[in-house]
Amino acid sequence: MLRILLCLYWFIQLDLTFAQVNSNATPPKDRADNWIEAGQAFLQKRDYVNALKSFDRAKPLLEHQNDEYRLGRLLKQIGDLYSARTYFRQSAEHYRDAITLLRKTGQQELVGDCLESLANINFNFGYSAQAIANYTRALSVKDRLNDTKGRLQCHLMLSKLYFSDKNYELALSHNREAQQLAGKDWAAETSTAIQDVVILTFLGNIGEAEQALKNAEALVAKQNNPSSSIKLLSAMANLCLAKKDKTCAKGYVDSAKVLLRGSQNPELAVDALSQMAEIHKNNGDYAAAFDAIVWMDRYKDVFRTENVERISAEIREAAGAALREKEIESLNLSNRLKESQLSKEKQARLALLRESILMDSSLASQKRLFAVLENQSQLREIQLNKEKELSQSLSRENTLKQKLLNDERRNRNFLFLGLSAMFLLGGVIYLQYRKQHKNNSIIQKQSEELAVLNREIHHRVKNNLQVISSMLDLQSQSVQDSSAKGVIKEAILRVQAMAFIHQNLYQDEAVNSVNMNEYIQILSDHLFKTYNINADKIQLHTQIESLKLHTDTAIPLGMILNELISNALKYAFKNREQGSIWVVLKKNNQELLLQVKDDGVGIPPDFDPENTNSFGYEVIQAMAQKLRARLNINGSPGTDVQLLITKFKTTT
760 MLRILLCLYW
770 FIQLDLTFAQ
780 VNSNATPPKD
790 RADNWIEAGQ
800 AFLQKRDYVN
810 ALKSFDRAKP
820 LLEHQNDEYR
830 LGRLLKQIGD
840 LYSARTYFRQ
850 SAEHYRDAIT
860 LLRKTGQQEL
870 VGDCLESLAN
880 INFNFGYSAQ
890 AIANYTRALS
900 VKDRLNDTKG
910 RLQCHLMLSK
920 LYFSDKNYEL
930 ALSHNREAQQ
940 LAGKDWAAET
950 STAIQDVVIL
960 TFLGNIGEAE
970 QALKNAEALV
980 AKQNNPSSSI
990 KLLSAMANLC
1000 LAKKDKTCAK
1010 GYVDSAKVLL
1020 RGSQNPELAV
1030 DALSQMAEIH
1040 KNNGDYAAAF
1050 DAIVWMDRYK
1060 DVFRTENVER
1070 ISAEIREAAG
1080 AALREKEIES
1090 LNLSNRLKES
1100 QLSKEKQARL
1110 ALLRESILMD
1120 SSLASQKRLF
1130 AVLENQSQLR
1140 EIQLNKEKEL
1150 SQSLSRENTL
1160 KQKLLNDERR
1170 NRNFLFLGLS
1180 AMFLLGGVIY
1190 LQYRKQHKNN
1200 SIIQKQSEEL
1210 AVLNREIHHR
1220 VKNNLQVISS
1230 MLDLQSQSVQ
1240 DSSAKGVIKE
1250 AILRVQAMAF
1260 IHQNLYQDEA
1270 VNSVNMNEYI
1280 QILSDHLFKT
1290 YNINADKIQL
1300 HTQIESLKLH
1310 TDTAIPLGMI
1320 LNELISNALK
1330 YAFKNREQGS
1340 IWVVLKKNNQ
1350 ELLLQVKDDG
1360 VGIPPDFDPE
1370 NTNSFGYEVI
1380 QAMAQKLRAR
1390 LNINGSPGTD
1400 VQLLITKFKT
1410 TT
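The sequence shown begins at 760 in our numbering and counts up one residue at a time.
Treat the hints as calculated values from the structure; they're not laboratory data.
Where is the CB? At the ideal position from N, CA and C, for every residue including glycine.
One or more of the hints may lead you astray.
In silico lysine to any residue, SDA-like type, Cα no more than 20 Å apart, as pairs [claimed, not checked]:
hint	residue 1	residue 2
1	K1160	L1117
2	K1147	L1163
3	K1406	G1394
4	K925	A980
5	K1288	K1307
6	K1385	P1364
7	K919	A980
8	K1406	S1272
9	K1385	T1410
10	K1003	A946
11	K1406	N1348
12	K1162	N1198
13	K1005	G963
14	K919	Y886
15	K1005	A980
16	K1307	E1336
17	K1016	G963
18	K919	L929
19	K1160	H1196
20	K812	R862
21	K1160	N1172
22	K1329	T1410
23	K818	R832
24	K1346	I1303
25	K1307	I1281
26	K1147	N1172
27	K1333	S1305
28	K908	I965
29	K1288	N1348
30	K1296	S1241
31	K1197	V1246
32	K1406	E1369
33	K1345	A1294
34	K1356	G1397
Quick list of simulated restraints, FRET-style, between CB atoms [stated by the list, open to error]:
hint	residue 1	residue 2	range
35	Q1137	S1241	25 to 31 Å
36	F884	L1096	34 to 40 Å
37	F884	K804	27 to 33 Å
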């Protein structure tokens, strides 16, 4: 009954402490201090669970205050608590965070302690390389602080680790450093003296080992320490084995076993047996090493039993204190779970709403795209009709010229035949001449009017294409979908490519002749400006013969050039600031060679020209079929696209 009343009183005091710490009227700095004090109180009662909870509640308050000095010390203390509870992963994480803050705030002594604790964790888990690195860093800090005890411990552990890794020279170096630091620490001095014998034996320095053995025997004789005696006997057995005296070695091992059976301190026995097992293992005597490990496990069982009883008592004391806290946490967790379910339902409804809005937007974008494509097809049809009308007009002009030529021949024949009657028919000839001169004037005037009409048609077609390009640009500004914007932008570039051809036609005197050198320069300059490319970084190299192509060839060729240069500017130089593009157009035997090459990233390995969904590639294929061209694509290194055109028209 009295125990129950004491527990109730303790719970009431605990609630009052938590209420006082959590009070909103308390400043954050004071609340952090209160939580730390509460954690220290729990730590004195060995209530590690509530101590950790108190420290965890103080941690965000110190982070909010940006108090790095105290936060580093708190993180080290949390790491020590996790280590005491054998939660080594959490302990190592807190030690690493603490080291960063402690170094920043100049608390070098605690930095050394954290590094040593990290090294101990690495050692316990068998991470030899990491343990050596952390012990070395800790030793460097402790050397600067002149921490003799810390330096001694680091040298001892480094000697042990290097000995396990069979790096006997470094093990000997650290062991002798530890011997010098041992001072009046008889246990450390004795241990290092015995270890000196073992290491020198493995190095093969038998004479030095025997001299070191005398020093070790003198130190062991001054103490009544069974563990040191067992270690010395193991070292002497090892020395006998090095001298190949197995009988002597067996005698020392048997003596060590006798001492082990009478040992009342399991912790010391485990330490001595661990050294014996290590020595046997390094000598290759695995049977003896296994025997030592079996003995060591027996003493470990005794040690565990004693510790388990002690820990069980501590757990029973802490269990009552943690029970009420667990119930409160369970209720809070249930409430948070319900709130999380409600939040997820709201998010699901919002996701469905966003999905429906996105689908509507996608359908609207598709409709607009279909409308743009339909307008583009209508524009092409209008252009074809105008080209047909122009062709018919030229045909009529040719017929008229042929008729005039025939009339001139007939008149010349009449002139030669009527030479004899020249004077008689002079008047008739004069009238006929006047009539012919008038007809020639009419023909010349009609020819000039047709040329003006042709340039006016090309100018209007170019202006109409510019208007369509501007309309598409305005339309793209109202589109939110980035993919739809990209499609409209590509349509604008294709329309602009045709507009440049008509611009070239109305600026030139020829009716159907396009100067390809000028056209390619205008088209490439426009594409560089459209994609905001710095011409000093991405350079364009051209090799264009002085060719004038018929519009039947120039228009599909311009569409192909627009697609290839655009693709190079968009995709070839991602994550790069510099590069080059080459454009070649020249006659090659009876074919016309068009080559667009870059030194960019090249075509992806999984690109399949026959199965691609790229509209631009479909445009290139369609124009290539119209020109009866062979298309070759090489994607590594860079991208090299070549078209060998068999069906092309040139103009003079």
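Verification of the hints:
1. K1160 with L1117: violated (64 Å)
2. K1147 with L1163: Violated, at roughly 24 Å.
3. K1406 with G1394: Measuring from Cα to Cα gives roughly 26 Å; hence the hint is violated.
4. K925 with A980: The given pair, whose Cα atoms are some 29 Å apart, is violated under the 20 Å limit.
5. K1288 with K1307: violated (26 Å)
6. K1385 with P1364: violated (29 Å)
7. K919 with A980: violated (24 Å)
8. K1406 with S1272: holds (16 Å)
9. K1385 with T1410: Given that 20 Å is the threshold and the Cα spacing comes to 19 Å, the pair holds.
10. K1003 with A946: violated (30 Å)
11. K1406 with N1348: holds (13 Å)
12. K1162 with N1198: holds (12 Å)
13. K1005 with G963: holds (17 Å)
14. K919 with Y886: Judged against 20 Å, a Cα distance of about 13 Å means the pair holds.
15. K1005 with A980: violated (25 Å)
16. K1307 with E1336: Distance of about 35 Å is beyond 20 Å: violated.
17. K1016 with G963: violated (26 Å)
18. K919 with L929: holds (10 Å)
19. K1160 with H1196: holds (14 Å)
20. K812 with R862: violated (26 Å)
21. K1160 with N1172: holds (19 Å)
22. K1329 with T1410: violated (34 Å)
23. K818 with R832: holds (11 Å)
24. K1346 with I1303: holds (10 Å)
25. K1307 with I1281: holds (15 Å)
26. K1147 with N1172: Violated, because 38 Å separates the two Cα atoms, which is more than 20 Å.
27. K1333 with S1305: violated (33 Å)
28. K908 with I965: Since the Cα atoms of K908 and I965 sit roughly 31 Å apart, the hinted pair is violated (cutoff 20 Å).
29. K1288 with N1348: violated (35 Å)
30. K1296 with S1241: Distance of about 27 Å is beyond 20 Å: violated.
31. K1197 with V1246: violated (57 Å)
32. K1406 with E1369: violated (23 Å)
33. K1345 with A1294: Roughly 24 Å separates the two Cα atoms, so the pair is violated.
34. K1356 with G1397: holds (7 Å)
35. Q1137 with S1241: 25 to 31 Å: holds (27 Å)
36. F884 with L1096: 34 to 40 Å: holds (36 Å)
37. F884 with K804: 27 to 33 Å: holds (30 Å)
Hint violations for this structure: numbers 1, 2, 3, 4, 5, 6, 7, 10, 15, 16, 17, 20, 22, 26, 27, 28, 29, 30, 31, 32, 33, all remaining hints satisfied.
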